[in-house]
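Trainee: Each chain is listed here by its residues.
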Amino acid sequence: MVATQTSVDELKSIAKRVRRNIIRMVVAANSGHPGGSLSAADILVTLYFRVLRHDPKNPDWPDRDRLIISKGHATPGVYGVMGEAGYFSTEEFDNFRTPNALLQGHVVMGKPAGVEMSGGALGMGLSFSLGQALAGKLDGKDYHVFCLLSDGDCQEGQTWEAAMAAGHHKADNVTAIVDRNHIQNDGYSDYEHFPDGDQPAKPGGWVMADNHTANIMNLEPLSAKWEAFGWNVIHVRDGHDFEAITAALEEARAHTGQPTVVICETTKGKGVSFMEHNPDFHGKAPDKEQTEQAYRELAD
Amino acid sequence: MVQATKMEATRAALGPTLIKLRNEGLDIVCVDADLGYSTSAVKFGREFPERFFPVGVAEQNMIGVAAGLAATGKIAFCSSFAVFAPGHCFDQLRMAVAQPKTNVKLVASHAGLVTGEDGASAQSLEDIGLMLSMPTFNVIVPADSVEAAQAIEAAARTDGPFYIRTMRAKTAVVHDESYRFQLGKWSRLREGSDVTLIAIADMVKVALDAAELLSSDGINARVLNAASLRPLDREAIVAAADETGAIVTAEDHFVHGGLGSLVAGVVAEEHPVPIEFVGMRDRYGTSGTSEQVLAFFNLTPEAVAESAKKAIDRKSE
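Sequence lines, in order, name chains A and B.
Sequence positions in the first sequence follow my numbering and run 1 to 300.
Sequence positions in the second sequence follow my numbering and run 1 to 317.
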């Protein structure tokens, strides 16, 4: 199956269902990671419904494009899209994070079929992606390997080992996608994005009055870092704009001679007002009242 | 009795064995983190450049790349020194290899005290414990070059994660060419009924020499080479306990998490008998030649023989 040209209106409608799936899963499990799932939802919808060459009925198809989820905790988003794409019955959403369920807390290779690699410990996806890409070149296959990274992934040393090696090997069949939402477990990644009113207390990050940490590890200048490692860099100013994401990923696939990174500026918790820009919903389920509000906001 | 005159390094088996297996049609690739010259993996790289991927001094990435290659159907070998792999990349081995059971074979050399002069930082005494802690890893510690080549071949021909521990120093060749390595089956290098000496790697020759010393005191020691730690030869351990009534383990590794712990677990569960442990305990290594360091820490034939006598004395307790 080759990627279909799904219209933007259809993508919007799918993305809304995916966001409801995310809420459904974290509420059913009373745990999980909604914030980074919602920030990546539009990227994932674009991948599965426009860009990836894949077949949900034949997940082991050797010529398929690969999508490696390095931010392996964003399972509600990943499963939420895969279920819509037809990889498994959407009834499985209600068993999320229960013993022996198909949908485990963090991504597990082959469970459900179509999940390419296990994850949940950050920093590991890009190395695996490079291995798949090198194998593709060795075997003369034209599949492309996409790897979804978080801000936190870009703080792990292994990601930069892999970035250096991918540039070195001129692995132009790899595309890294950074879901750049600027928020992580403890708070705010970068100096530029900590909330107004709190002044820099000291270099290297500080704990604010609400116990969130500001400036945990500033990744800027992020583009220059990737460029220095031999990568082609594409910036997507709005990581929720389907046309912009599509154009960037297609350009990345077509680029030759070096790997490409697509840095997508996104909003943590996108689509649910009280989760947006809020570190509290990095890894927490909403309560009953909040759940009702979320569903209201995500209604068709 | 096996004659042990020839000396060869087990690490030297890697490159030539991979070349042989590729020539037989196996879909082998090799990822290298700047130690392939020492582990002999570069020989494969020279022969099959398109199948050899240097990633620089980056062991975490080496394991991830190998797992990615393996996930497409390839047999992915990687090699380093045991202090760096698993030492630098335990979680990568856990997440990208052990849990999803990718077809990755890590061959780590320069294990144990006999790495020598570099001292404690270079002497891997924890790697067996780390690797055994992951239940899906097969763990093989070849005693000599003959066994190393066969163990590498067995790993290549068996689907799933493998850890093979080799050594820098030349070790005595204790098996002749008729030897056939089998997963989960230990070789019995000497018959005996009074005590069983169970050893790995360079300590196999030490155990054979200890058996020689014991025989001059009228003690008949059985000697087992415990190369296959997972799958484990439980039958050989139970038979040793049952038929000889006392056991000594000998290893160039920490006793906790190593061969000693492993054997003790089976003996306690199946057939309790006295056990004595020869190996490293409670402290790290030191610089010196292999001979100097082994003598310094009492990993000698004399120490193994002494432990055997203690174990035999404890039978009556």
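Fair warning: there could be bad hints in the mix.
Once the Cα atoms are required to be at most 30 Å apart in a straight line, the calculated DSBU-like pairs of lysine-lysine come out as [claimed, not checked]:
| no. | chain 1 | residue 1 | chain 2 | residue 2 |
| --- | --- | --- | --- | --- |
| 1 | B | Lys101 | A | Lys141 |
| 2 | A | Lys170 | B | Lys315 |
| 3 | B | Lys6 | A | Lys137 |
| 4 | B | Lys309 | B | Lys43 |
| 5 | B | Lys170 | A | Lys57 |
| 6 | A | Lys141 | B | Lys43 |
| 7 | B | Lys43 | A | Lys111 |
| 8 | B | Lys43 | A | Lys170 |
| 9 | B | Lys170 | A | Lys137 |
Treat the hints as calculated values from the structure; they're not laboratory data.
In this text, all values refer to a predicted model and were calculated from it rather than measured experimentally.
Trainee: So, for every hint listed, does it hold in this structure?
Mentor: A quick look at each hint next to the structure:
{"no.": "1", "hint": "B:Lys101 <-> A:Lys141", "verdict": "24 Å, holds"}
{"no.": "2", "hint": "A:Lys170 <-> B:Lys315", "verdict": "65 Å, violated"}
{"no.": "3", "hint": "B:Lys6 <-> A:Lys137", "verdict": "43 Å, violated"}
{"no.": "4", "hint": "B:Lys309 <-> B:Lys43", "verdict": "46 Å, violated"}
{"no.": "5", "hint": "B:Lys170 <-> A:Lys57", "verdict": "54 Å, violated"}
{"no.": "6", "hint": "A:Lys141 <-> B:Lys43", "verdict": "27 Å, holds"}
{"no.": "7", "hint": "B:Lys43 <-> A:Lys111", "verdict": "38 Å, violated"}
{"no.": "8", "hint": "B:Lys43 <-> A:Lys170", "verdict": "24 Å, holds"}
{"no.": "9", "hint": "B:Lys170 <-> A:Lys137", "verdict": "39 Å, violated"}
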